[in-house]
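Could you fit the two chains together into a complex? Lean on the hints.
First to last, the sequence lines map onto chains H and W.
First residue of the first sequence? That's 12 in this note's numbering, and the numbers climb one at a time after it.
First residue of the second sequence? That's 419 in this note's numbering, and the numbers climb one at a time after it.
Note that these hints are calculated values from the structure, not bench results.
No residue lacks a Cβ here, since even glycine has one placed at the ideal position from N, Cα and C.
Do not rely on the hints blindly, as some may be mistaken.
Unchecked claim - Pair by pair, the computed Cβ-Cβ distance ranges are: (1) W/Thr661 to H/Leu354: 30 to 36 Å; (2) W/Arg513 to H/Thr175: 38 to 44 Å; (3) H/Gly227 to W/Glu514: 39 to 45 Å; (4) H/Met167 to W/His637: 40 to 46 Å.
Stated by the list, open to error - Far from chain W by the CB rule (all over 10 Å, computed), these chain H residues: (5) Ser33; (6) Ile56; (7) Trp67; (8) Leu68; (9) Ser75; (10) Ile82; (11) Gly149; (12) Val192; (13) Trp220; (14) Thr253; (15) Ser256; (16) Val303; (17) Ala334; (18) Val348.
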Amino acid sequence: MSALRPGVAELDLPLFAANTGSRLAAWLAACIAITLLLTAASLLIGTSSLETSLGWLLNPDAQSSVILWQIRLPRTVGAWFAGALLGLAGAIAQGVFRNPLAEPYLLGSASGAALGVTLSLLAADASLGGLAWAGKLGVTGAACIGACAAIALTIMLSRGVLATASLLLAGIVVAFLLSAVTSLLLLSKPDVWRAMQAFLLGNTGFLSWSSVGLLGVVFIVCLLPAVLLSRGLDALSLGEDTAQSLGLSLPVLRLTLLGVLSLATATTVGQVGIVGFVGLVAPHLVRETVSVNHRQLLIGAPLCGGALLQAADLVSRWIIHPAELPVGAVTATVGGVYLVVLLWRRNRHE
Amino acid sequence: MNNLQTFAAAAAPAAPSTMSQPTAMLSCRDLTVGYGTRTVLDGISLDISAGHWTAVVGPNGSGKSTLLRALAGLTTPGRGTVSLRGRVLESWPRRERARRLAWLAQDAGLTNLTAAEVVGLGRFAHSGWLAHRRSEDDAAIRRAMLATGSLPWATRRMTTLSGGERQRVLLARVLAVEAAVVLLDEPTTHLDPPHQEDIARLLRDQAHGCGVCMVSAIHDLSLALTADRLIVLGDHGLIGHGTVREALAGDWLSAAFRTRVDIIEHEGVYLWRPALAAATRA
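Chain W with its partners taken away, still in its complex shape (with noise of 0.2 Å):
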């Protein structure tokens, strides 16, 4: 996987737009999307950076989901621009794009596949449509699917798995595009706390090692508070996007919830904890 970290590298865009700074890898200026009448987004301006994997927190309804489909390009922002290396999304020609940025979406169609030809529809920008699998898709696939810990299951049909494997087999999928931009929705849902913070270490060390530019929504606070940055989404649009840290000292979360959100620093951890207490009292 040393590649992705060439290509992190190589992210000093030949033409570099002059919107955005030369480090970010995916950026975004002045997105607005909505859907009829109604707008999701407003106005956002974001600068993602690789080697970090980015939570994207808020409540239901601020547009996670959206933003990171307009991230991804799946849907045409009514004002705006995405770009990917300093390159505006529109240009990229479809299949070169779809090597550089790879999206998970939050449920996926129930398929007849099996696990493995799953994982290999993620080499299709690589490979094509007439899906002769060289030996390096199947490197890539057996590599995505030890780090997701789903090769035991390789050779199974996707309707036989439960929604924990499942998950992470779509996680595999998305891995093994070798991408140097992941956006994923959700991807912790449906499974239990301790594959969730399985698939958060993945997340991280694939961010880490690889230099991969890693963005997630992510429902669970707690599991989010150990991501590198936040970009945190309000009612009203962007509240803030930087080091969790930073996203503490200025309390983002109490102002995207509208609600005061106690977070506890707990040997190195941060944990987020419900204000039942606070609810009772009152």
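Here chain H stands alone, though its shape is the one from the complex (with noise of 0.2 Å):
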């Protein structure tokens, strides 16, 4: 018999495995539980002892629940959003460019923030006891600003959206060409470039509830188009001219999921500076885990991505303790240990 002729016994096959839903909502209950889990040990941990700051929580006074809820906490729920944010931008340029290997930086948004940061500070510099202040509110502004000029360029130097193999290489030209620019403006200000190096490297320590506040707006504001435009995403996994033949515009979801990614990435990096390798080890962790399609990897990335930044700060508030490591080393760390991993199994398999 043909390979070709259905038997009997095929025409009632499922088209759709019944327990994936159940896998992805258990996967995504476990998500949930850690975060609140992680949450719950941040109240804890920090720069006084485990003992003191189980007192705080049983017996509050006035100055413990300031640290608690007002530094704390604000700190932690923070992370995870900002965590989120990159997780969501790393699976949407991942689609976008339909490459694994894409992250959220990849349009040069983190070498254009840390010129707009040399910039405000070399400008507050005049005041360098001001540098607090600045910290708090120019630094943020001027990340963002930064992140979406280089972005903006980008797309200038290739001339449109339609073409990502030229995207990806304006993106790592505009990045050099920041980057240099801004080691060029540092050289001659030793002090500066020591508070450049604390945003290069990603800090937790300034988000404040009016960071959070932003941060879950714009992730709320990001999500829901990501989520709707993801059958698209599906489609251009298939390939360009595909996605095309089934009737899909190009342009609109190319340039609706780059705005989605710039602003992501763009606030992100002005509340906590460069965190890397969290946008690029969210999506992956996702799709090792369980079968997904960009629907669900759109809503599983930022809850994976939340917990890992999250996991993340607590480590550094933890590890030298009670001395405190930039956040964006620890990732860096994990994320690159795992990335190794994820190569030599890739590898063992092939």
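Shown next as structure tokens:
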């Protein structure tokens, strides 16, 4: 019998596995549970000892409640949102560029943000004592504007968003160019250079409730269009010609998703600096553990990224206690090791 | 799939263009396509009717893929027009056109989706962005997967399938569109000969049974000779368009490949024979 002639038994085969939904639900529930656990743990871990923190929780006074609810809680919630935005941006980047190694900063946003921060710090240099407030107000705005400008420059250089390869190339060129300008500017100002390092390595220490609010609003604004357009990313995974032949407008899809990607990255960079690897690793972790289409990936990657950055934040506070590591150093180390393991496992399979 | 027949019957366009005959489902006039300074197709005019499987053959670089891409509206021609049911391709609304003209690329990207999800994408032009699967979409997915024999691995991820299995899923994706015109760029690559034969039978059945206008580039000459009609391309453009018998009578293949192409007829089947003997003797 020909392979193409169906048998009777084939007629009622299922189209979609019955257990996919429940597996995904279990996975999402696990992510949320981990997030809640990490949030609770983050209230207890800080410069004070564990016993002191526990005492604060049980017998709160005015000073301790400020530490717990105005410093530690917004920091961990903000870390979650920042990680979630990076996870979302990473998933979008990997979908739009059809490349599993794409990451949120690939349009040059990180170097643009760094240049923006450098310029703002140099401007505030006249009164270097005012760095504290500049770090709170000027830096976030400057980073955001710098990131947006860099992305705009990248898109201009590649003359639009249609050619993926030239877009990626333009991103690399812009990143190198802006980094070079930043380095030149910093050569003469060693003290500004030190302040810059804190930003470049990522820092969750500045997060307040107002930054949480901003990150939260941007997260919702980014998540909605991304999920609505997720089927377009599914189609795009079959190739650009195929996606177009299915009746999809590639320019609309690309422009919208790159807009979302830029907004998510610029906001995050402004609030927590340059945190590497979360945006790259989070979508990978989702794909490795559950079978997903893009709608599921765009919901799963933020949940995963949020938990990752929260965990990294905790580790950064705890590992050289009572001092703190920059959170970006933690994510880079853990993420780098994870990628090496991933590559090694892939190579073994092939 | 009866609705496809009504599609074909209604093919006589409401506002027929002066250029194309009303019977042609897909036609092109003076189609010229180039990349940079190189002209690949120069002034090609064709009328392709519904209910036939037409194979596009020709040597490498003769523009088989380019012709199919231009017919599918994926390349903007330098000159000339392509019309679907007598209406110029560009004037069709995007989604409406996608419901009537389906396209299978030569190599699809590696996707993380399951087989049924991939086939479900063929319903995009019908169901839209939100992917709210209606029962008619599920029925179309099931029909297409049954027809290509890919239903048994509907729930598996594309990455876990063999090349041949994957190709049949992609073919089901094209059929799930239930379009009146189906263009396929080398649909039998990655397949072993018996499975190539299966795909050929499937294309023929869809064309004859459902009245689909089926056009495919086919590398294998023997396989292409099992089609209803041939479009033969040479290095310098169109050699001919007609039935297989006409192509053989005019020796179009020898002209296209610039070498003697021997065709043997065996029990009603045409077979291409490599001219090995002649080469060794020489």
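Here is what the structure says about each hint:
1. Against the hinted window of 30 to 36 Å, the Cβ-Cβ separation of W/Thr661 and H/Leu354 comes to about 54 Å, which falls outside the hint.
2. Separation of W/Arg513 from H/Thr175 is about 24 Å and departs from the stated range, judged on CB atoms against 38 to 44 Å.
3. Checked against the hint of 39 to 45 Å, the pair H/Gly227 and W/Glu514 passes, with Cβ atoms roughly 41 Å apart.
4. H/Met167 and W/His637 have their C-beta atoms about 42 Å apart, which keeps the hinted 40 to 46 Å range intact.
5. Distance to chain W confirms H/Ser33 as a non-interface residue, since its nearest Cβ pair spans about 14 Å, more than 10 Å.
6. H/Ile56, annotated as away from the interface, keeps every beta carbon of chain W farther than 10 Å; the closest lies near 37 Å.
7. Remark: the non-interface label on H/Trp67 is consistent with the geometry, its nearest Cβ contact in chain W lying 46 Å away (cut-off 10 Å).
8. At roughly 43 Å from the closest C-beta of chain W, the C-beta of H/Leu68 stays outside 10 Å, upholding its exclusion from the interface.
9. Every Cβ of chain W is farther than 10 Å from the Cβ of H/Ser75; the closest lies at roughly 48 Å, confirming the non-interface assignment.
10. No beta-carbon of chain W is positioned within 10 Å of the beta-carbon of H/Ile82; the least distance is around 41 Å.
11. Look at H/Gly149: its CB is around 40 Å from the nearest CB on chain W, clear of 10 Å, so calling it non-interface holds up.
12. Distance check on H/Val192: its Cβ is at least 35 Å (rounded) from any Cβ of chain W, clearing the 10 Å threshold; non-interface status holds.
13. The claim that H/Trp220 lies off the interface holds: its Cβ sits roughly 35 Å from the closest Cβ of chain W, which is beyond the 10 Å cut-off.
14. Distance check for H/Thr253 against chain W: the nearest CB is about 5 Å away, which does not clear 10 Å, and the non-interface claim fails.
15. For H/Ser256, the shortest C-beta to C-beta distance to chain W comes to about 4 Å, within the 10 Å cut-off, and the non-interface label is violated.
16. The non-interface label for H/Val303 is inconsistent with chain W: the shortest C-beta to C-beta separation is roughly 7 Å, within 10 Å.
17. The beta carbon of H/Ala334 is kept farther than 10 Å from every beta carbon of chain W, the shortest such distance being approximately 42 Å.
18. Chain W leaves H/Val348 outside its interface by the beta-carbon criterion, the shortest separation being 24 Å against a cut-off of 10 Å.
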